[in-house]
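J.: Residues per chain are reported as follows:
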Amino acid sequence: MHPLRRKRLILILLVIIGVGAAVALALSALQQNINLFYTPSQIVAGEVPGDARIRAGGMVVEGSLTRAKDSLDVHFDVTDGTHVVTIAYSGILPDLFREGQGIVALGRLDAEGVLQADEVLAKHDEEYMPPEVAKAMNDAKAKKAADGAPASNY
Amino acid sequence: MSWTFFHKLGSPKWFYEISGKLLPWLALASVLLLAIGVVWGLFYAPEDYQQGNSFRIIYIHVPAAILAQSCYMMLAVAGIVGLVWRMKLADVALQCAAPIGAWMTFVALITGSIWGKPTWGTYWEWDARLTSMLILLFLYFGIIALRMAISNRDTAAKATAVMAIVGVVNIPIIKYSVDWWNTLHQPATFTMTEKPAMPPEMWLPLLVMVIAFYGLFALNLLLRMRLEVLRREYKARWVREILEKSS
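Here the protein sequences line up with chains A and B, keeping their order.
The numbering of the first sequence is full-length UniProt numbering, which starts it at 1 and goes up by one.
The numbering of the second sequence is full-length UniProt numbering, which starts it at 1 and goes up by one.
None of these hints come from the bench; they were simulated from the model.
All the pointers check out, no bait thrown in.
Now the stretches of chain B that chain A is said to cover, found in silico as 3 or more residues with beta-carbon under 8 Å:
id, segment
1, 44 to 53
2, 75 to 84
3, 119 to 131
4, 168 to 175
5, 187 to 199
Cβ coordinates follow ideal geometry from the N, Cα and C atoms, glycine included.
The following block holds chain A by itself, in its conformation from the complex (with noise of 0.2 Å):
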C-alpha cells in the first residue's frame, strides 16, 4: 500500500478507536440512567431514589394477580429471581399483561415500600411460537408437574 494511503487509514483507525473508548467511558458513567428500569433486588437493596418517580421492572408472580371486585385497583408482585416487590395500579392493563410475563411499571415507592403505579408496560420477550406449539409445551408441562417431575421455571 502506498505509503501515504497507509498513513491516512492508521489515522481513520485511531480516531474511530479514539471515538469509541470516549463513548464508552460516556457510556459505562451513565450506566444507571441508560437502564429503563429499577430490577426488585435494586429497590429492595435502597438503591433507588426515594421522593422521586422511578420505573421497576420484572417478571409478574404466578397467582400473585389481586382485582379489587368494585374498581380497576389491581396488586401484584412482581421479581427478578431474588426479590419482590408489589405494585398496585389502578387502570385497564395491556393485552400482553399475564402472569409470567415481563412488565415495567412507572410510579412512586410509598412508605410499605409498594410501589404505586400510574402505567404499566407490558415487556415482550424475544419467544415467538404459534399457539398449537404454546398449547402443546402447556400441556406438557402441565403433565410433568402432574406426574410429580420437577417442572421447570423461569
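Assemble the complex: chain A is given as a structure, and chain B must be docked to it using the hints.
T.: Only chain B this time, still in chain A's reference frame:
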C-alpha cells in the same frame, strides 16, 4: 495481491456498464423475493401465541432495521475508501445511500411504534434501543444536511465521510443495547450461537424478506448512483455518447 480490480471499481465508466448489465436481474430477483416474502409472511405464517396477528409487522420492521444498520456500515466503509484511496465512486455511493438508509431507519421506527402500542401499551419509550435507533436517524439526517450545506464537492465529500466514520460507533450500541441495559425492547431472537427462538415457518419468510430488502436496497442504490455518475461526469465523452444514443 493485485489491486487492478479495486482500481477498476473507481472508474465511473466501468461502473456504469457493469451496473447496467446487473440491474434487470437484480430487479427481477428482488421483486420476486418481495412478493413471495409478503404473501408467505402475511398470509401463511402461523400467528403468534401471545401477540396474535400483530406480530406480522416483524416482516417489515426487522428487515428495515437490519438494512438501516447495514446501510450505515456501508456508508462508513465508503467513507474510509473515499478518504484513504480518494475514490470518487465511494463518495457517490455515500451520498446516494444516505437517504435510503434514513428511510429504512424511519420505517423501522414507525413500524416499531405501531407494534409497540398494542404490545407494550405505549408508542414510544426512551429505552436504549429505541433512543439509539433515533440517534441513527439523526446521523443520517446530519450526513444529508452536511452534504447540502457545503457547495464544494470535495470538501463536502471529506466532511460527510468523516461524519459517517465517526457515527459508526453507534452501530454496536444499537446491536448490544438490549444486552447491556434494561430495556423495554426484547433481546435478539436470532443469534449466531443459539438456535432461533422462533419456529422455521415463521423465520423462513422473514429471511426471504431480509434478502428481498437487501436486493431492493442494492437496486435503488445502483439506480441513484448511475444517475449521479452521469450528472458528475457529464463532460466526459462516454457520457455524451450514451446520452446521444438514448435521445
